Amino acid sequence: MNKVNKSISWFLGALLLTVTPPGITAVSTTATLNVADYIPAFVDYTLSNGLRVVLAKDDSAPVVAVNLWYRVGAANDPPKRSGFAHLFEHIMFGGSANVGKGEFDAYLQAIGGDSNASTNPDYTDYWQILPANQLPLALWLESDRMASLNITQEAFDTERQVVIQEFNERVLNPPYGRTNNLYLTTTPLRGYLPYERPMIGSIEDLNAATLEEAKAFHRKYYIPNNATLVIAGDIDFEQTKALVQAYFGDIPPGEPAVPILKQYPLPAQFPVTKTDRKTGCKIGYQDTIVDPAIELPQVNYSVVVPPRGDRDFYALTLLANILGSGESSRFEQKVIRKGLASSASAEVLENMGASLFVISGTPNEGESLESVQSLLQDQLRKVIAKGVTEAELARAKKMIEIDTISELRGSVWNTTDVFQRFIYQFGSPQALVKDMENLNAVTSADIQKIAKTYLCEKPMNILITLKTGQEVLATYPGKLVEPIDVPIGVQSLKPRSATPEELAKLPDGAVSRTQPPKPLPAKETKLPPYQTFSLNNGLKAIFIQDREIPKLQISLFIRGSDVAVPANKQGLPQLLADVITQGTINASSTEIAERVESVGGAMEADAGLEWMTVSADFPSPDSQVAFNSLADVVLKPTFPQSAFDVAKSQMLTNLSESETNPAWLASRQFTRIAYPQHPYGFITSTETLNNLTRNDLIKFHNTFFKPNNSLLVIVGDITLAQAKVETERVFGNWQSGKVPNFLTYPPNRMGDTSSIYLIDRPGAEQATILIGNLGLDARNPESYPLLVANTVLGEGPSGRLFKNLRVDKGYTYSAVSELNDGSNDVGTFFVTTDVGKQYTGDAVLEIIKELKTIRSQPIPEKELAASKGLLLGHFALGLETPANVAYALASYQLIGLPLEDYQNYPQKIAQVSQEDVLKAAATYISSEPIIIVVGDASLVKSQLEKLGKVVVVPALLP
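Okay, so the sequence shown: first residue is 1 according to this note's numbering, each after it adds one.
Hints were generated in silico from the structure; no laboratory data involved. These numbers were taken from a predicted model, which means no experiment stands behind them. Virtual Cβ for every residue (Gly too), placed ideally from N, Cα, C. Some hints could be false.
[Stated by the list, open to error] Computed spacing ranges between beta-carbons, pair by pair:
hint: 1; residue 1: Glu524; residue 2: Gly896; range: 27 to 35 Å
hint: 2; residue 1: Asn34; residue 2: Ala445; range: 23 to 31 Å
hint: 3; residue 1: Pro252; residue 2: Tyr476; range: 38 to 46 Å
[To be verified] Here are the simulated PhoX-like pairs of lysine-lysine, each with C-alpha atoms no more than 25 Å apart in a straight line:
hint: 4; residue 1: Lys458; residue 2: Lys479
hint: 5; residue 1: Lys862; residue 2: Lys809
hint: 6; residue 1: Lys540; residue 2: Lys467
hint: 7; residue 1: Lys274; residue 2: Lys57
hint: 8; residue 1: Lys262; residue 2: Lys220
hint: 9; residue 1: Lys57; residue 2: Lys505
hint: 10; residue 1: Lys849; residue 2: Lys809
hint: 11; residue 1: Lys849; residue 2: Lys941
hint: 12; residue 1: Lys648; residue 2: Lys467
hint: 13; residue 1: Lys57; residue 2: Lys526
hint: 14; residue 1: Lys57; residue 2: Lys434
hint: 15; residue 1: Lys648; residue 2: Lys334
hint: 16; residue 1: Lys220; residue 2: Lys278
hint: 17; residue 1: Lys479; residue 2: Lys274
hint: 18; residue 1: Lys505; residue 2: Lys479
Using the sequences plus the hints, can you model the full thing?
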């Protein structure tokens, strides 16, 4: 690896023993981190047919990522074919010369690989993550669909129907769906062809698309000289070069495509529709969207800004961070924590051409949208008038620096993605170094200057979303620029097959054009070494060293959460989690946030079913600050009344918004039926939240926050000795005590499953379906064969549900089954999907058929082997990230499973037989499951009545 000192050196042992009382800020020890030290060794070259190839080596785990970008995206959609690039992304999985329909994902999942794709305005990316020895398989699959497209009219029509269901699921069905997917990123760019159309398109344009247009699109853009291939992981450069040459070298190049951003230069200015009388600032488009599915109104301000690489971009990125990122941000401190809004954010949405600076705000329930608009505008005026402080600027730079390194080295897939972005925009992964230099060169004066320029002198667009009222869209301005002629240079490109000398570098069978190739020699998969230790007060700890990035992640798990409080006090643990970082005996919430984020750290707390977590994520050189900060909020919180009131108000607002979410409504009803006499069935409601007081939080904290009731997980670039010293220093004096046994659960049986429960959601374009039953607990040895059954049924594209409901019928965008093993008691098994409203009854019937089949018929050996391969491969891929391993071990310990069981997982899965799976499925997948449907009762009730009795349930049950 190309690094100067990737494992950050530490202070001498004597200095580490220096005691800083928890909550008192230690002097920051943050070393100056250089992103160049974390760029892995790579080679960069171009094949004779024009394919750009970059190979990066990371041998931290036997994993490889393959990432192929084509320089075509939504900006290249043909006239009257918005959404075409995205539709074509789907079509690329429909079959090629040697890979049949549905086989692409099946081949990868059988060896535990992951695969996906995405369409962006400027590019389309296709990627795989898989065991390193299976690299030939990914290259065979990708090269085959680059070289050929073999899709039938039937498959094309089905995939188009899938995309329309995706449109319904993302755009028409959820709250703010139209705002976020049709208008937010496009309305500011009206009149500029590349970016004025939504990526997902329109149903009218999708229905007009033809198979011949798809074939022409493939010929024009899906060619080697319009693509970049990045491979990162545990690879040998020379061997990988030979593989790439063998699979991609003989694919003919095509006519070079003219970059659309060169054809359409950015307009000198976007339209100004008016000038604000009070401020003199310019206003662009003003749009009002009406969305009956929302509960709270929302405002989005946006302004067109330059792309990455422009000096102003970096100042704008830092300004967005100062305004809206982290607990110390202005919006968080001045708006949200004062209880003045439910949410407020600022971000830069990047394109290769024009980017957008976006500010969003949502009021609390009962408050007006105008109040939020006034608050946001006030913060913008202050930045324009007075700029930002040096401390704010330094914090923002440090946070972005740490995030950049973490993103680059978080996984081999992350590495490929970062490389691709900088290759596309700047020609080299090494441009990341200059990018960070540009960011660090920004001054506070620069930020005040760009604030005035882009938040006042440039037209700011206003997009408002209301539940009711009159929808008003701004007048279309016409074309702001005309296309220009762009000369294309002569390219002397030609295909070249791999030479005998190149092929000699490869094992026999590693290259095949017509069938899946043989893998390379397997590499040993090892569990990252972990250690455990404990303190005299009963605190147990799990430690894993991770020297990949200069970070330290510490999480304290506290047993006792939702199930440990009465039904009429539900919401208490989450409210405590929201408030625990908002003030201690030693520091105010502002002081905590500034101390943490000044070194690039972050803290958060959360509540689950049976345990809570309080976590600290810091640069590893600042381990003392990390341990001090975590211990301070855990041991000495004050739960300020003002913070309690604000958090409670926000939880009430969030609950109100959740009641517009069909998946949440289905899950709540499912829980009611699955656990009628059990704490797992307790539900947070307006009533339970209104029952809570600050004293409830104090009592809960005093009762459950004990070292002998907690588990500490430490992952990062420190040693075991250092972890022990720091843990003893900050938690050694924590007093142990008795804790109530909240895990003695009453017997539970499912409620009435003789009816289909229909939650009426008038106007819904889709129906959300949730079907399932009580399952088993995680300590049950039959969880292994049931996990295999679940994988066969509903794990990803190779699952039976996906093949049936999406690939074969086009009813849905996705269909999955999940096995929730519970924690210390019986969990659930369920199937979930969102289908077109016209397919509701048929989809429920197909799901029931699939459940009956898996309960009654043995799984064929080939399918069994593929499903076990998927589980084993996913386990191996998960070992790439030590934090994943640490948190899995924590779950095992909290549930009461031996940690050795995690190491033995591969053997347990490998031993599962056909008989084991059939027995587990017949036992734990019910023939009389709970059936929940959320949809427009006027359209779907009659379909469901053909299947059985239907009970209509109000969405707003208490």
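We went through each hint and held it up to the structure:
1. Glu524 / Gly896: 27 to 35 Å: 30 Å, holds
2. Asn34 / Ala445: 23 to 31 Å: 25 Å, holds
3. Pro252 / Tyr476: 38 to 46 Å: 42 Å, holds
4. Lys458 / Lys479: 19 Å, holds
5. Lys862 / Lys809: 24 Å, holds
6. Lys540 / Lys467: Not satisfied, since the Cα-Cα distance of roughly 50 Å exceeds 25 Å.
7. Lys274 / Lys57: 54 Å, violated
8. Lys262 / Lys220: The given pair, whose Cα atoms are some 17 Å apart, holds under the 25 Å limit.
9. Lys57 / Lys505: 18 Å, holds
10. Lys849 / Lys809: 15 Å, holds
11. Lys849 / Lys941: Satisfied, since the Cα-Cα distance of roughly 20 Å is no more than 25 Å.
12. Lys648 / Lys467: OK: Lys648 and Lys467 at ~24 Å, within 25 Å.
13. Lys57 / Lys526: 18 Å, holds
14. Lys57 / Lys434: 22 Å, holds
15. Lys648 / Lys334: 18 Å, holds
16. Lys220 / Lys278: 52 Å, violated
17. Lys479 / Lys274: Roughly 20 Å separates the two Cα atoms, so the pair holds.
18. Lys505 / Lys479: 55 Å, violated
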